[in-house]
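J.: Residue numbers (this note's numbering), protein chains in the order written: chain A, 1 to 339; chain B, 1 to 339; chain C, 1 to 339; chain D, 1 to 339.
Hints were generated in silico from the structure; no laboratory data involved. It is possible that part of the hints are untrue.
No copy labels: a pair is met if it fits in one copy or bridges any two.
Subject to a maximum C-alpha distance of 30 Å in a straight line, what follows is the list of computed DSSO-like cross-link-like pairs (lysine-lysine) [stated by the list, open to error]:
| # | residue 1 | residue 2 |
| --- | --- | --- |
| 1 | Lys261 | Lys67 |
| 2 | Lys278 | Lys70 |
| 3 | Lys32 | Lys322 |
| 4 | Lys261 | Lys145 |
| 5 | Lys145 | Lys47 |
| 6 | Lys278 | Lys47 |
| 7 | Lys322 | Lys20 |
4 protein chains.
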Amino acid sequence: MIIILDAEASDAQIEAVQSKLSSMGMETHISKGIQRTVIGAIGDERKLDKEALEVLPMVDQVIRVMKPYKIVARESHHADTVIDISGVPLGGNQVQVIGGPCSVETQEQMDHSAADVAAAGCRLMRGGAFKPRTSPYSFQGVGVKGLEMFRQAANRHNLPIVTELMDVRMLDTFLEHKVDVIQIGTRNMQNFDLLKEVGRQCQTPVILKRGMSATISEWLMSAEYIAAGGNHNIIFCERGVRSFETAYRNMLDVTAIAMLKKETHLPVIVDPSHAGGKAWMVPALARSALAAGADGLLIESHPRPAEAWCDADQALSAEQLKGLMDELRGIARVLGRDL
Amino acid sequence: MIIILDAEASDAQIEAVQSKLSSMGMETHISKGIQRTVIGAIGDERKLDKEALEVLPMVDQVIRVMKPYKIVARESHHADTVIDISGVPLGGNQVQVIGGPCSVETQEQMDHSAADVAAAGCRLMRGGAFKPRTSPYSFQGVGVKGLEMFRQAANRHNLPIVTELMDVRMLDTFLEHKVDVIQIGTRNMQNFDLLKEVGRQCQTPVILKRGMSATISEWLMSAEYIAAGGNHNIIFCERGVRSFETAYRNMLDVTAIAMLKKETHLPVIVDPSHAGGKAWMVPALARSALAAGADGLLIESHPRPAEAWCDADQALSAEQLKGLMDELRGIARVLGRDL
Amino acid sequence: MIIILDAEASDAQIEAVQSKLSSMGMETHISKGIQRTVIGAIGDERKLDKEALEVLPMVDQVIRVMKPYKIVARESHHADTVIDISGVPLGGNQVQVIGGPCSVETQEQMDHSAADVAAAGCRLMRGGAFKPRTSPYSFQGVGVKGLEMFRQAANRHNLPIVTELMDVRMLDTFLEHKVDVIQIGTRNMQNFDLLKEVGRQCQTPVILKRGMSATISEWLMSAEYIAAGGNHNIIFCERGVRSFETAYRNMLDVTAIAMLKKETHLPVIVDPSHAGGKAWMVPALARSALAAGADGLLIESHPRPAEAWCDADQALSAEQLKGLMDELRGIARVLGRDL
Amino acid sequence: MIIILDAEASDAQIEAVQSKLSSMGMETHISKGIQRTVIGAIGDERKLDKEALEVLPMVDQVIRVMKPYKIVARESHHADTVIDISGVPLGGNQVQVIGGPCSVETQEQMDHSAADVAAAGCRLMRGGAFKPRTSPYSFQGVGVKGLEMFRQAANRHNLPIVTELMDVRMLDTFLEHKVDVIQIGTRNMQNFDLLKEVGRQCQTPVILKRGMSATISEWLMSAEYIAAGGNHNIIFCERGVRSFETAYRNMLDVTAIAMLKKETHLPVIVDPSHAGGKAWMVPALARSALAAGADGLLIESHPRPAEAWCDADQALSAEQLKGLMDELRGIARVLGRDL
């Protein structure tokens, strides 16, 4: 940790900072310049609060030198981690596409969806039984019976299932239904009690979506919450962030993909459907994400998009999904990857 | 609802949109221009999904005419709502300042804090027993025993207590401890299950903080979740939003205060401490919020700020709090309000 | 244009709006609902100020139905426009990569750069003689003599040159030096006098970079300024926008590429070097932009990146540029394009 | 300057960084930790490019210790600067309100406006002869003859005039018309050639508006461009920044007021009219800005707001302006200031 003090700091004030640092178990080194005094502090700064130092008189800036995250950091584990999702690997050379509808509606719709997803060549399936909706008056998902419909439809095609957990009280039910991947949605990225339970109570792989305007560092720290509980099977999912632009829903942050691949050993996937919010944009965004280095994609598809119960305007038809898979395969090959 | 179709929409495509609207229970009127066709749809649009219309061929834009929120809207209740917090009114002519520490630490610290808060003239007290922290390695709050310490310290000065609920499983405990105001934090503004329970299970006043980058409309919709469950005792709390600026922590959005006072009949308070993130900024931001029309303020204070267990650099000392109260009283008087 | 009035609007107030619209040359149609009255107005709304209507009593919202831009809109010209840059086509099936240093430094550096750029297979070259720098104390570019060095180095390899114009008083000098493409930088996207002159005084192709936080609509309107003057040779360049993220310099907005390709017939290129701000990110961002549909790329390269006089950390070496070109060629092929 | 190197940096790599720093005229000190090596560099870092260091192998972070601005910094001039605007002081204890229309329209409108502004108690007047408009098809201002109308109207009431300069070629005309304050608009905050000329060619006070999404540091640097040319009569004007919120036009950043008052000795004013974009919000925002510490306000007023040629929906009527002045006077008094 580096502490920068104002030029006018007195010797007593400088000593006060040093003694605070010592009480925190840090060793200190001082360099005095004409304009500023700089204190370098060595020790495990992860447990320190910057604020406790910033409050001291004449302290201008406190700068962390170490990353605040540990288990998820590439510094602590150089090789890429491959996560085993009920037999399907995610994070290695093979790119995975997770297809399926926004929400579980009926058994017939799920059966149809599963067949389409498998036919397109996807090896995992998505679908929401519980839906986080901005309005309390919108459709909130079919609930637990949706998990059953999903399970049944997916099993026929050997597709591991990905579904969103919103309420910590539902975790047991998810585990009973042997959900293969628990998705933590954007709005729950900093629902710390939910993260803790998912970390403590299971080894089920978790897709952790980025918060609406979460920094990459906050996102890594949320993953660290899960990892600290014991579950290291974490997959990051970029889904666009909030911006000033109103021409589309979210701004897909492809730079975050490159940055995450550098900072963490864990897999990174992208949800181009929620990012753009329109089906016509999905192919361009999906290709773009893959080319930027994503390890997988989460793509909404529906047997009859116009009749979907939610987000109707962003789902691909079976045919569109298939066409996109072909394009993606071509790009994967250029990058030396399989799909 | 207004649906704008492309100039090239055929008669059949226009009819398809009309028939979809009819099936949703809406009446339609058409105006055909040279460049666009416009369909006006009349009926209760709150239950409609825009997306189901946007997906139809040749539909360019779908525009809501009605507000998506209802119970919390000023349209449905013209007069300002005054909320009774265990005898202290919030939302009327009298401005309320809620003082106290970021987190409950010890009985001694809470006793000291409560005395300071009361002495400064505040009529409500804040303090967190459960803390949402970005890092799993930071202090997470003292937990349930913190509620007890808080209760005991506050009772001596007749101060109703405000404290944050993060985990839905803790709601019963909060109700048993007769928490006077439940605070829903920034990171939980769209934790819909938490909102639903707080709405359904109690009539305890709720302070609903704005999400890190929530739009005013989303924030009102989150309040609508609580209200729809039956609890109408909701207080909005602006606490700064995320921006590109790095010179301070959050950007305090004073325009939101004016906008909310127009859109809702419910009280609006402001947290200048979390907005700026530095104690030296708090007086300027507190005055600014009050002058913009806030009904109350949530201000961090601590007997010994430099020793606070969290956010040490943003708490005011007892003396600073008292000085600020005097300034605020002057501004309240100019605005024709009491404090 | 659609005008939405409050439910409580009186007949006289509704008539006032209609008469204002008539005086603006618009025809009106009214639909009265229980909650709102909606007026549809037909005519050329491009010349109308929304504000003049929004100020009228009881007007809730004024919504444009037509796009505010015209010459640059795809609505007015369906086919993709191919711009001829001194013999090199931009905007058609062939993807163009524009390589070269951030700034012109010396004749030797430019000769070396030009040779590297040509050897890598790029058909256009970039380099700044005038540099927009945040600090007045930073290197401001070598000025007019830089244009000469650039011209001389590029001519040897038949590379048309791209260089930034910051000061309207320099336009004649640019035209005398036969600059092949005039670049308008981020900070000048809404320097309207500069746009007008570039539109009125020449037919030289213009690369119009997106403003730091410009919406796509504002960007299209800035292009319309140039086009309205008579110069239709406009190329959009996405270069990342300002965001809350601090882990990298700008957020590359790939969704904007897809959106622009839909809204305008003009070519769209991307500058991955300024977006990420670090050389190691450039390949991922360049691939990503191309996969999203970009017609070209603007990539910084330097014979000795570590010694560059500005933005040293974002330039590729000759070797890196060559390697990237190979990857890009593979992706172009998957998309059915040449490079 | 502080340079943080990766733990894996070799001795040769550390020496390379040191020798680069020496060649830049900096003295260095090294601290080696287990996780990182930190180099402190002492000397005048204002002229250094961070990028030239960031590009070196194993360099993780380069952190400036000194502020990049100098003349405008409070560090270099502790007392508040009072600027003399043709006899009216700005920046001291007295708060100044600058009233007047968005744009100059007719002599009659300006005469009327000037009378209203003076009657309300304002001591300075605003009005635009040249208007920066997003669309080339919108009213662009009446031009030079507007300066004459403005001059004539204002002189009758002894009001110094404030008007926007967009085109560097117009500076001489502004000086001939003895414009009392030159306004540099939002879109030109980083039009560096314009800033340089305004700094070099005159001592006329300059109102420098904040760019749409400029950081406070960039804004200070733009002022430094003017100051470096020799003109130190600079007034900062906060006018709201771009954000994700769509309920109003710009987000007024009151925290920036407090921050600027700390960082610079120059006066800071606020434009609440452009921030909110609606007349009904102006009083709340004006009060809020004053309470946050602004030295002045720039408020749009018009004899007949509904007929204004631009921004009709944000101008106050004469009566509203007068009412607001009374409220502001009350707040100023609480803060110990005059108005």
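J.: Give a verdict on every hint.
T.: Against the structure, the hints come out as follows:
1. Proximity of Lys261 to Lys67 under the C-alpha cut-off of 30 Å is restricted to the intra-copy arrangement: shortest distance 15 Å within a copy versus 33 Å between copies.
2. Taking identical chains as interchangeable, the C-alpha atoms of Lys278 and Lys70 lie at most 30 Å apart only when they sit on different chains, with a minimum of 24 Å there against 37 Å within one chain.
3. In the homo-oligomer, the alpha carbons of Lys32 and Lys322 never lie at most 30 Å apart, since the shortest distance is 65 Å inside one protomer and 38 Å across protomers.
4. In the homo-oligomer, the alpha carbons of Lys261 and Lys145 never lie at most 30 Å apart, since the shortest distance is 37 Å inside one protomer and 42 Å across protomers.
5. With identical chains, the CA atoms of Lys145 and Lys47 are at most 30 Å apart between copies only, with a shortest distance of 23 Å across copies and 44 Å within one.
6. In this assembly of identical chains, the alpha carbons of Lys278 and Lys47 lie at most 30 Å apart only when taken from different copies (21 Å versus 43 Å within one copy).
7. When the C-alpha separation of Lys322 and Lys20 is checked against a cutoff of 30 Å, the pair qualifies only between copies, where the shortest distance is 28 Å, while the shortest distance within a copy is 62 Å.
When each numbered hint is compared with the structure, violations occur for hints 3 and 4.
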